[in-house]
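Number of protein chains: 2
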Amino acid sequence: MKIYETRSAPNPRRVRMFLAEKGIAMDYVQLDLQKGENLTAQMRAKNPLGKVPVLELDDGTCIAETDAICTYFENIQPAPPLMGVDAKDKAIVAMWQRQVELALMLQVGMCFQHTTGYFKDRMVPVPEYGREAGINAGKYLNILERRLELNPYIAGDAFTIADITALCAIDFARVVKIRFTDEQVNLKDWYQRVNARASAQA
Amino acid sequence: MKIYETRSAPNPRRVRMFLAEKGIAMDYVQLDLQKGENLTAQMRAKNPLGKVPVLELDDGTCIAETDAICTYFENIQPAPPLMGVDAKDKAIVAMWQRQVELALMLQVGMCFQHTTGYFKDRMVPVPEYGREAGINAGKYLNILERRLELNPYIAGDAFTIADITALCAIDFARVVKIRFTDEQVNLKDWYQRVNARASAQA
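Here the protein sequences line up with chains A and B, keeping their order.
Quick note: the first sequence, position 159, residue 159 per this note's numbering, numbers continuous.
Each number in this note's numbering corresponds to the 1-based position in the second sequence with 1000 added.
Mixed in with the good hints, there may be bad ones.
[Unchecked claim] Away from chain A, derived, C-beta distances all over 12 Å, residues of chain B:
id : residue
1  : 1019
2  : 1047
3  : 1196
[Stated by the list, open to error] Partner residues aside, some chain B positions facing chain A, computed with beta carbon under 8 Å:
id : residue
4  : 1043
5  : 1045
6  : 1049
7  : 1050
8  : 1057
9  : 1064
10 : 1065
11 : 1067
12 : 1085
13 : 1094
14 : 1099
15 : 1103
16 : 1126
17 : 1132
18 : 1197
19 : 1199
Just so you know, the hints here were simulated from the structure itself, not pulled from any lab data.
Where a beta carbon is used, it is the ideal one built from N, C-alpha and C, also for glycine.
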């Protein structure tokens, strides 16, 4: 089993952190995104969208998409649970995970791709949209600040995959100068607790 | 238990179709998106992002996000399975579901929102980005066409949630004049089979 990834990219970090929380060792194959090593015919055969990370199982089955890879490991090794423990809890975690992905991580990613032109050899950057995406990311930090006023972690009482996604999104957001403020005390406290976990170094 | 939704919107249809496949009856509360009935303080308390659908359980717990709502019902009533049956299968379904969501449904939605100005009272449309999103959706139809050459359904041999997402995205895409072509024979055949299911009328 191995994972094709790019060490500096935010989504592969989510998987590494998830595996570190589970205590699962992994072999990694590094791909240079700027050189387009993720876009070769060989990699497109593993993932038609040409993105990282991609998990390759020993039987050759390839699983792309961060959330799908984490779902696989949650199912083969449920402890410690990072995606909820019963039907209601799993749905709550899935909701926050999805909202952090769409309203924060994706917005930060769109801001990065459309304002920096980092991938301009393979997409058409629209800077005006990138700026809007950055504003959207900032607005979602306000929602998280209110959520964390009443809950120690994003999905509730327990640390989950939603916290991993948010930490990785917030760290990546530095690149486009999006950050929570000193007034967002709950977010700041949450960040310090999550960033202090050993898995944050994975 | 009830679901707040808007009958004409594509994401609520995904949930209705999922529940129809499971044979689960549901009470629905209609919200008028153009009037902003989804953005009231009452609805924001149920879902901070102010989107539909939202599932409200009898204990008052609210679950937003289509995929999270479907995850809930898959867990409380596994038959018939729509999200995979073992760890590997679940990961494969999760991958295709996610890619259909991000590379098709989301792109169609962004094309709609940014080129029509439908929600211009609550967001800044960037038409150039909307057109790029539409092009991206079209490119993903090519990926699906190749996938369906070798597989009867998107995630493989079985009908799954990924087929529901794709059907709802493709039907919604008519609004922005994105459609598969007559040359995309596998996609056309798949569409006819999935659209003929009773759940497609839900």
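Verification of the supplied hints:
1. The beta carbon of residue 1019 of chain B sits about 14 Å from the closest Cβ of chain A, which is more than 12 Å, so the claim that it is off the interface holds.
2. Here residue 1047 of chain B does not stay apart from chain A, with its beta-carbon only about 8 Å from theirs, under the 12 Å limit.
3. With a least beta-carbon separation of about 27 Å from chain A, residue 1196 of chain B lies farther than 12 Å from that chain, consistent with its non-interface assignment.
4. A hinted interface residue such as residue 1043 of chain B counts as satisfied when its beta carbon comes closer than 8 Å to some beta carbon of chain A; here the least separation is about 14 Å, so the hint is violated.
5. Against a cut-off of 8 Å between C-beta atoms, the interface hint on residue 1045 of chain B is violated, since the closest Cβ of chain A lies about 11 Å away.
6. Taking 8 Å as the C-beta contact cut-off toward chain A, the hint placing residue 1049 of chain B at the interface holds, the least distance being around 6 Å.
7. A least Cβ separation of about 10 Å between residue 1050 of chain B and chain A goes past the 8 Å threshold, and the interface hint is therefore violated.
8. The closest approach between the C-beta of residue 1057 of chain B and any C-beta of chain A is roughly 7 Å, which is under the 8 Å cut-off, so the hint is satisfied.
9. Annotation: residue 1064 of chain B was flagged as interfacial toward chain A, and the flag holds, the nearest CB pair being 5 Å apart, inside 8 Å.
10. The beta carbon of residue 1065 of chain B comes within 4 Å of a beta carbon in chain A, closer than 8 Å, and the hint placing it at the interface holds.
11. The interface hint given for residue 1067 of chain B holds, since its Cβ lies 6 Å from the closest Cβ of chain A, which is under the 8 Å cut-off.
12. For residue 1085 of chain B, the interface hint is violated, the least distance from its beta-carbon to any beta-carbon of chain A being 11 Å, above 8 Å.
13. For residue 1094 of chain B, the suggested interface contact is upheld, since its CB lies about 4 Å from the closest CB of chain A, less than 8 Å.
14. The beta carbon of residue 1099 of chain B is positioned within 8 Å of a beta carbon in chain A (closest approach about 6 Å), and the interface hint is therefore held.
15. About 6 Å separates the beta-carbon of residue 1103 of chain B from the nearest beta-carbon of chain A, less than 8 Å, and the hint is met.
16. With 8 Å as the threshold, the beta carbon of residue 1126 of chain B comes within range of chain A, its nearest partner Cβ sitting at about 4 Å, so the hint holds.
17. Contact between residue 1132 of chain B and chain A, as hinted, is supported at the beta carbon level, the nearest pair being about 5 Å apart and thus within 8 Å.
18. Interface restraint check for residue 1197 of chain B: the shortest CB-CB distance to chain A comes to about 24 Å, outside 8 Å, so the restraint is violated.
19. With 8 Å as the threshold, the beta carbon of residue 1199 of chain B stays out of range of chain A, its nearest partner Cβ sitting at about 21 Å, so the hint is violated.
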